[in-house]
Structure formats: structure tokens, C-alpha cells
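J.: What follows is the residue order along each chain.
Protein chains: 2
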Amino acid sequence: MVKERVTVVDIAHAAGVSKSTVSLVLQGSSLVNEVTRAKVNATIRELGYVYNRSAANLRQSKSKIIGIVVNDLTNSFFAELAVGVDTVVQSAGFVQFLANTNEKIERQREVVASMREHGVSGLIISPARGTEAADLAPLVDSGIPVVLVVRDIADAGVSSLTSDNHAGAMAAVRHLIERGHRRIAFLGGFHDTAVFEARMRGYREALLEAGLDAAEALVIGSAPSRAGGVTAIEQAMMLSDRPTAALCFNDAVAFGVCDGLRARRLEPGADFAVIGFDDVIEAKTAVPALTTVSVDPQGMGQRAAELLLKQINAGKAEAEAIIGSVRLVVRQSCGAAIERRTREALS
Amino acid sequence: MVKERVTVVDIAHAAGVSKSTVSLVLQGSSLVNEVTRAKVNATIRELGYVYNRSAANLRQSKSKIIGIVVNDLTNSFFAELAVGVDTVVQSAGFVQFLANTNEKIERQREVVASMREHGVSGLIISPARGTEAADLAPLVDSGIPVVLVVRDIADAGVSSLTSDNHAGAMAAVRHLIERGHRRIAFLGGFHDTAVFEARMRGYREALLEAGLDAAEALVIGSAPSRAGGVTAIEQAMMLSDRPTAALCFNDAVAFGVCDGLRARRLEPGADFAVIGFDDVIEAKTAVPALTTVSVDPQGMGQRAAELLLKQINAGKAEAEAIIGSVRLVVRQSCGAAIERRTREALS
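Those sequence lines, one after another, are chains A and B. Taken in order, the first sequence gives residues 478 to 824; the numbers are from the numbering used here. Taken in order, the second sequence gives residues 478 to 824; the numbers are from the numbering used here.
Just chain A, same shape as in the assembly:
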């Protein structure tokens, strides 16, 4: 079934050029003129030659692969992030390989090792929960350019691109307070992540500056997923002094909160104010359209890719920590002003 392998010599012979010229074309060298390059490339396509990248990598210690490692592929935030990375690396002539760790540090170790073994030019990593600087040390020591996205890791010694989660959460809660809400919940997310900690801190500070009580009972963690949002709002609605609004850990949780409200015959936006975090594609088309703190996952992917390419081209990894600004996008789901309280009939 396997065809006999076409060699560089076959190409040179068919194209009527030297073997070195074919090699230069394969390496993308600028020493070969356009006409010759076109002729060689046409012959390569015609004969079906496959460039042996493994051998080339050994010779050049350089591939045209960018690796991206994400912690939860089922969250559309990360799919959108990867699509953003792809648009940039593609125009730079790279191919992106993605791997999913499903929040498992051991799997992260395996996929990172595998990507290193395959000679990726650089890595973009959204680390699994609980990843520590020591887990990344072998990778960092190897000198391969690395950009951490979404979750930063203290003292990792590599570049990171995160969002101003603290400021975003403050803006969202201030908006809810301006609309008259006094009992505002923080729903969803895992307590042990830096992202959770920063959003929570923003939530608390906005409450404190308005002289409001940040009651422990109003902070309800859950998986950062749609199903987690359903669970969190169910728990919130069982409190004796119910909230009238919520800032959710992310958009997935916010959609679940909307689902859970509807299951109780409460209309999100009319009977209860909901704000998400991320601004995934679906936030705009959902009904009600989701008010959310825009992190712009595709844009974040693009910026991460640009940062990584800069380091790859510079040939060394100068660590930079970039904190991207965020903005509150007011749509319909936060429309519940306080006078339209949770309907008594359903209390």
C-alpha cells in the first residue's frame, strides 16, 4: 500500500536543477529565484514528495509547530481562544496542535513532554488546576518559549497573558448596585484558582465600597460549567434571604443560572439580574442576551500568539506579564432593576 519514497534526487532530476537547489527550496531559502522555486514546488507536488520533518528537525532543531495546551476543551472559551491563536500562527506559516488536559496535572505533564519531543517552536498553556512553578520548571529550563494564558503561575519565570479579573468583577458588581441591588451573589467556579480569587476580590471590594455586606452564604462555588450554574442558583434560591442578582464566575455558569431560573419560572433579566464573565460568541445571541465582562477569548488567543511569535523570532524568552483590560458589555440579562423583585407568587 505504501508508495516507494520519492527522494530529493528524484525531484532535482525531474525539475532539471541541482539537489542543493531542491534542499534550499524545501528550507524556504530566499537564495532561490521565484521561477526556479515555482518549478521545484510544482515538481514536488507532482511527484508527491513528503518533506521528512523529523529529519529536518534534527538538522535544524526547529519546527513550524505551535503547541497549545488547554485545561477544559468542553468550555467554549478555550475553543475560541484556540481559534484566535490559529488565525495568527497560520499567517506566520505555523500549524497549531492542541492538546487537552481536562484539569489533570499528570496528563499535562505527558502532553507537554510529547510536544517538546516533537520539537514545537513554542507553547501556549492554560495550566491545569493546581499547577505549580515546579511543574513547569523542566519546560522553562529547556528555553522553549512559553506563554501562560488565562491562569498565571507565580514565579514560573515565563510570559503570561491574563485578564484584569479584579477590575472586571468590580465593574460588574458596581453596575448591579447602581441598579438598586443589595443582595448580590457570586455564583460558580472553583475556589482554588487565581482567576476565582481575583474575581471574588473584585466582587467583595465593590460591595464594601458601597457599604454592603459581603455575606459568606452568597458566595456559592460550583464546577465552572453550565451544569454547575444550575446547581449554584438552586442553592442560592434556597437561602432565607435570597439574592436578587448574581455575578457569575464565567459565561457557562451564567447560562446555567439562566436555565435554573427558568426551571423555577423566573425570567432572567426580568425577575433576577445575571452577569457573566468572558463574552463567548453565544453571549450575544442568547435570549436574554447576556450582560458580561468581555475578555474576548479570540482576541486573547491572538495576543498570546503574537507574544509567543515575538519570543520565537527573538530566539530567547524574555518573560513579560501582560494583564489585558476588560470591559463590561451591558446587554439584557442584568435588566432586572430592584423594583421588579422576585415575584412573590414564587417565593
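It should be emphasised that the hints constitute simulated quantities derived from the structure, not laboratory data. Just so you know, not all the hints are guaranteed correct.
Given that identical chains are not distinguished, each listed pair holds provided it fits within a single copy or across any two copies.
[As the list claims (entries may be wrong)] Heads up, simulated DSS-like pairs for lysine-lysine below, C-alpha to C-alpha not over 30 Å straight-line:
{"#": "1", "residue 1": "Lys516", "residue 2": "Lys581"}
{"#": "2", "residue 1": "Lys541", "residue 2": "Lys581"}
{"#": "3", "residue 1": "Lys516", "residue 2": "Lys496"}
Following the hints, position chain B against chain A.
T.: Chain B in isolation, oriented as in the chain A frame:
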């Protein structure tokens, strides 16, 4: 910044074994006893040795990578499919690299070529729109095991794993007819895909066997996304003789149809019956929970991975075409019986 490279000789010296023993451990050979293997592995970790997979691939022509190439990563169906593949390849000691083509044949050519160059052991591909057998010929000729998923390609000469889209669509439309619906729309999807064609055929046959008219106007294509669903239902509701129910191309479209209905103050499940296709995770927790034809994306990913591993282990690619069965999962979104017609106030 780059540490001096640790060699096999360094490992052998530190662990007090021969160089050949270290090599055998690196190759996962069963000739080395447990105690020695553990000692060598501990030394490898301690010294931070990185196995040079490029060199190993050249020697062994074998990697431990499975490539998966999908056509639209922003559709959660494909993220779930990839997660299913991952669970199986992981237990078989492989790592999965994913690439997204965004429905572009040229990008598909690039990522497939790149994966071949990196010596993947096998490929799972959900082909981009318009892919023809000729596009896959170089890959097929190379003898690398390939499994097509979701979309089959006639005469491609490789294994495929698809779903019984025809039977699924028939079951869904029969269910709507049993509930009394006579004006049933088919919403969303691109006309030029085999999946669309099969689902459409099932839709038409179910209408014909019930003596109903399959009016052209009731078939409204759109992007197979949530936003596409919003557009399609808007168009359907402008018809003079409106439908009362719809089979949607996939779950993403169905969610968009629900959004579009709500934007018109129609309650999906109460005022209009909606059935999706795929059964993504979110179908169960949505409100109303989505009635859908279950394709079970994670299960499909698992079966595709098993099929591919079987071919990798057999050392040759015997083409098999597997058509997985599907089943209608009745939840709430199809609850609108015909007597609860579209409310007059909103006509």
C-alpha cells in the same frame, strides 16, 4: 538559558547501569526488570533528560501521537468528540494533537501534511466542506491509518464512522407527526454536505409516508451554528403558512431556534416544537431540555479511536465503514402538541 543537554551516557553513569539498559527503558522494552526500570526512570526525572522523539521517530518510524483534524472547533460537538477520542488514546499510551480547519480545504491540506511530517501513528478526520477523495489521496497512499468521522467521503478508500442520519431524522419527524404537527420545517445546515443530504432525506420520507407535503419553503438552510438557528427561525416565521414545529440540523441550530422563538415571545416546547440533532452535553440541562437525536459525540470519538488503534496495531489499514445507530431522546422542547398553536396575539 538552555541547560547543557543530558545524554543517555549521563543517565547510565548516574544510575549505575549500561547505556543499552537505559535505551531499552526509553523504548519501553519488557527486557528490563521492574527494579532497574524504576531506578533508571527516577534518574531520568532527576537529571531532566528529554527523549529526542525526532531522532527516535527516524530510527523507529513510529510515534505515540494520534492526530485529530476537525472542521469547526467552535461547535461543541467537535470538542466533545475530541474529548472522547482522548480518553481512549490516553489509556493506550498515546497523546492526541488536535488541529482545526475551520472548513477550509487548504488549511486541512497544511495541517494533515504537518501531522504526517511529524510522524503521527494515525489520523482521525472530520473533513472540511467540499473535501473530495482526491484531496485525501496522498494521505491514503502513504498507508497511514485514517478514520473519517461524521462526514464520509465516497471512494476515499479509508475507514469511516458516521451516524445513521437518515433513520434519526425519520424518527424525529415521525414523532412530531404523531403529536399532530402538519407544518414541520427543517432548519439550518449547509446544503452541500452528505450529513445534510441524509438528514433531509429522512425528513422528506417521514413526511411522504404520512401523506404530508414537503414544501420547499419549509426547508431553510443556514450556518450550522446557534446564530444560524436564530436566522433560520426568523425566516420561517415570516412565511404566510407558518410551521408549528421544526427538526433542526443540529443542536447548535436548535438552541438558536429556541433563542429566536423567545425573542418573538414564543416559548419553545409550549408554542412551537423543536427537535435537535447530536445530543451535546448542554441539551440535557437547557431549559426547556432539548429533544434531540442522540449521536453521542463522546461515544463516537471513543469508537473512532478504537477503530484507529485497531488499524495501527494491525499494521495495515483495512477500510471499514461503520454507521452508528442513533436514537431519539424525548425531552421537553418538542412538547408543543398541535392544539397549543402559535398564539394568535403574536401572529
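J.: Indicate, hint by hint, whether the structure satisfies it.
T.: To see whether the hints hold, each was checked on the structure:
| no. | hint | result |
| --- | --- | --- |
| 1 | Lys516 <-> Lys581 | between (49 Å within a copy, 25 Å between copies) |
| 2 | Lys541 <-> Lys581 | both (27 Å within a copy, 19 Å between copies) |
| 3 | Lys516 <-> Lys496 | within (14 Å within a copy, 47 Å between copies) |
Checked against the numbered hints above, the structure violates none of them.
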